[in-house]
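Undergrad: In terms of this note's numbering, the sequence shown is residues 1 to 163.
Mixed in with the good hints, there may be bad ones.
No farther apart than 27 Å at their CA atoms in a straight line, the calculated lysine-lysine pairs in the BS3-like style are these [to be verified]:
hint, residue 1, residue 2
1, K159, K8
2, K134, K10
3, K134, K8
4, K52, K68
5, K52, K40
6, K134, K68
7, K152, K3
8, K52, K122
9, K52, K8
10, K122, K68
11, K40, K8
12, K8, K111
Hints were generated in silico from the structure; no laboratory data involved.
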Amino acid sequence: MNKNPNSKYKIRFTDCDMFGHLNNSRYLDYLINAREDHLKDFYNFDFNEYYKNDLAWVISSHEISYLKPALFNETVSIQSTLLRVDIEFLHLETIMMNQEQNQIKAIMRSKLIPINLKTGRKAPHDLPFMEWAKTIENTEVANHGNLQDRIKQLLTDFKVKKN
1 MNKNPNSKYK IRFTDCDMFG HLNNSRYLDY LINAREDHLK DFYNFDFNEY YKNDLAWVIS
61 SHEISYLKPA LFNETVSIQS TLLRVDIEFL HLETIMMNQE QNQIKAIMRS KLIPINLKTG
121 RKAPHDLPFM EWAKTIENTE VANHGNLQDR IKQLLTDFKV KKN
C-alpha cells in the first residue's frame, strides 16, 4: 500500500499575494485538501461514512515551515502521510514540492483529534478504524524526529538524488 500518496495541483491566482507568491494561509488549504484527496483517491476513505456515525476530526495543532515560495500558475506536487495513529489522535505530515519533486516549498505536521459530533467532545478511534489506519501508518518517516530533523533529512535526500 502506498504510504506516501502524491498528487499535482496548480497554484491559483486568487490564492496568491501581489508578488505572485502563494499566500501563507492558503498553504494550509492546499495541504489539507491534498490529504483529503489522497484519502479518497488512494485509500477509498469516505468522510461521509464517519460523519453519518457522528465522528469527525478537529485539528489541534499545525507546525509548518515555508522553505521556497510557490508561485502563481506553478504546478506543485503534494505528498501526505500518516506518521502516527493512536486511539486519541492522528499525526500527519504533508509536503509541498515543485513538480519535479526535488525542491521543498513547505512542510507541515498536523495533529488531529477525533470528536463525537453530537457531544462535541473527544471520542476514541474505534477498533476497525485503528486496524485500517495502522495499515497506512508510516513509521519510517515518523522515526525521523521533529520537523527540523525531517527537513534536514529531506534536503540531504534531494542532494543525494541530484548528484
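Undergrad: For each hint, tell me whether it holds in the structure or not.
TA: Hints and how they fare:
1. Simply put, K159 and K8 have alpha-carbon atoms about 22 Å apart, close enough for the 27 Å limit, and the pair holds.
2. Annotation: proposed proximity of K134 to K10 is violated, straight-line Cα distance about 31 Å (limit 27 Å).
3. At roughly 26 Å between alpha-carbon atoms, K134 and K8 fall within 27 Å of each other, so this suggested pair holds.
4. Proposed proximity of K52 and K68 is contradicted: the alpha carbons are some 40 Å apart, above 27 Å.
5. The hinted pair formed by K52 and K40 meets the criterion: a straight-line CA distance of about 17 Å does not exceed 27 Å.
6. Simply put, K134 and K68 have alpha-carbon atoms about 32 Å apart, too far for the 27 Å limit, and the pair is violated.
7. Of the pairs offered as hints, the one joining K152 and K3 holds, with about 21 Å between alpha carbons and a cut-off of 27 Å not exceeded.
8. Between the alpha carbons of K52 and K122 the distance comes to roughly 17 Å, so the proposed pair stays at or under 27 Å and holds.
9. For the proposed pair K52 and K8, the alpha carbon gap of about 30 Å is over 27 Å, so the pair is violated.
10. Note on K122 and K68: the hinted pairing is violated, with a Cα-Cα distance of about 36 Å set against a maximum of 27 Å.
11. With a CA separation close to 15 Å, the supplied pair K40 and K8 stays within the 27 Å bound.
12. Annotation: proposed proximity of K8 to K111 holds, straight-line Cα distance about 24 Å (limit 27 Å).
Of the numbered hints stated above, those contradicted by the structure are hints 2, 4, 6, 9, 10, listed in ascending order.
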